[in-house]
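Student: The residues making up each chain are set out below.
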Amino acid sequence: MVTDRFVEVMALISAWILPLLIMSIPVWAFYKKVPLYDTFIKGAREGVGVGLRIIPYLVAILVAIGMFRASGAMELLAEFASPVLNLIGMPADILPLAIVRPMSGSGALGIMSEIANQYGGDSYMARLAAVMTGSSETTLYVIAVYFGSVGVTKVRHALAAGLIADLAAILASLFISRIAFL
Amino acid sequence: MLGYIWLFFIVTAVIVGGLNGRIEEVGQAAIDYSRVAVEISISLIGIMCLWLGLMKLAEASGLVVLISKLIKPVTRKLFPGIPPEHPAIGNVAMNVSANALGVTNAATPIGIKAMQEMQSLNPHKNIATNAMCTFLAINTAGVQLVPASIIGVLIGAGAQNPTAIIGPTLFATGTALITAIIVVKLLEKIPVFKTENYLEEGEK
Chain A
1 MVTDRFVEVM
11 ALISAWILPL
21 LIMSIPVWAF
31 YKKVPLYDTF
41 IKGAREGVGV
51 GLRIIPYLVA
61 ILVAIGMFRA
71 SGAMELLAEF
81 ASPVLNLIGM
91 PADILPLAIV
101 RPMSGSGALG
111 IMSEIANQYG
121 GDSYMARLAA
131 VMTGSSETTL
141 YVIAVYFGSV
151 GVTKVRHALA
161 AGLIADLAAI
171 LASLFISRIA
181 FL
Chain B
1 MLGYIWLFFI
11 VTAVIVGGLN
21 GRIEEVGQAA
31 IDYSRVAVEI
41 SISLIGIMCL
51 WLGLMKLAEA
61 SGLVVLISKL
71 IKPVTRKLFP
81 GIPPEHPAIG
91 NVAMNVSANA
101 LGVTNAATPI
111 GIKAMQEMQS
121 LNPHKNIATN
131 AMCTFLAINT
141 AGVQLVPASI
151 IGVLIGAGAQ
161 NPTAIIGPTL
171 FATGTALITA
181 IIVVKLLEKI
191 PVFKTENYLE
201 EGEK
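Protein chains in written order, with the working numbering: chain A, 1 to 182; chain B, 1 to 204.
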């Protein structure tokens, strides 16, 4: 089947891409006569500091998100919002996904997986959930890690822009899934 | 603004959790997630070392500047605050490419490298620059050409035709990207987001 073939090729490409990247940068540097080992170590040393530096930022963000999810506030929000959602054509089961998406990548993939298993892998709901999950990033995590790594605490308009982009991703997912899958 | 959202999450969690009779879980979540945050950070260190090492090689061999030059026409408009051949541009480009190709574990360290380069141009070290906000906005749109893990989940749920989502996902993520760029450029001009508002007393 065409799809099987495509999936196979994609798997092959994604298996090769990382090793090839890891190889090609040192080969290029060797060609350019850069001292390889020294330079690599000098850069790699910074990794330790960055890893430690982002801890407080991640603790702040993840604890707040974790408490929020544990409280059941999301289910409450889903109930309140359902009349509005009907208006824009969003099925109620999709809402938790839309809310979790900017907060947690693994959480979103988990919810998407639940929806896909409940409705079937080729169902409209599964596809809508897949498009929505794939169409945006874990905004709060990205902001915590990237700004945390350089010690920026005043993020100005980055958060607002990120969340508006997430909203655009949700609306675009609803729109295109309706056209493509219904 | 991050502070307000943070407070909103916590206050809502305690009030709703209390009313729902889930206050114990809320407390437990606080403890669990502070541990998770450390685990994530620590587990990032190895991959961070690998890519920051490789990126140092890319930088020393002129690869980063080469990439900066190649994409100058695009980045001049998006990042007017960064000199066109600055290594920050090359790092931004490599981060976006790594994300697009789905090499997520390389994208984060390279993105952090890009942030460090932009921070070197930042006169106020705790306040985000326009370039940083633009970069973050592009990143949160999360452009990925083939969402492999998502296709994997669909296959796991018995999908016969999981790749049908690729085109629509590209449309949605493209819409998010365009929105992100337009919005971030509009917002940077709004008075409440001006850098001057975030300066400490005495810096003004």
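Derived from the structure by calculation, the hints contain no laboratory data. Just so you know, these numbers come straight off a predicted model, no measurement behind them. For every residue, glycine included, the Cβ atom is placed at its ideal position computed from N, Cα and C. Among the hints, erroneous ones may be present.
What the simulated footprint calls covered on chain A by chain B, stretch by stretch (three residues with Cβ under 8 Å from a Cβ of chain B suffice, anywhere in the stretch; the number is not a length) [stated by the list, open to error]:
1) 39-47
2) 69-80
3) 83-89
4) 149-160
Pair ranges (Cβ atoms, derived) [stated by the list, open to error]:
5) B:K125 with A:S82: 24 to 34 Å
6) A:G151 with B:N20: 45 to 55 Å
7) A:K42 with B:L145: 30 to 40 Å
8) A:R178 with B:Q160: 41 to 51 Å
9) B:K69 with A:R53: 48 to 58 Å
10) B:V38 with A:A11: 26 to 36 Å
Student: Give a verdict on every hint.
Tutor: Going down the list of hints, with the structure as the test:
1. 39-47: n = 9 at 8 Å, threshold three: holds.
2. 69-80: Check passed, 6 qualifying residues.
3. 83-89: violated (count 0)
4. 149-160: holds (count 12)
5. B:K125 with A:S82: 24 to 34 Å: For K125 (chain B) and S82 (chain A) the Cβ distance comes to about 45 Å; the hint is violated.
6. A:G151 with B:N20: 45 to 55 Å: Violated, at about 37 Å.
7. A:K42 with B:L145: 30 to 40 Å: Holds: the Cβ-Cβ distance is about 33 Å, inside 30 to 40 Å.
8. A:R178 with B:Q160: 41 to 51 Å: Once the Cβ atoms are compared, 21 Å apart, the range 41 to 51 Å for Q160 (chain B) and R178 (chain A) is violated.
9. B:K69 with A:R53: 48 to 58 Å: For K69 (chain B) and R53 (chain A) the Cβ distance comes to about 31 Å; the hint is violated.
10. B:V38 with A:A11: 26 to 36 Å: holds (33 Å)
Checked against the numbered hints given earlier, this structure breaks hints 3, 5, 6, 8, 9; the rest are met.
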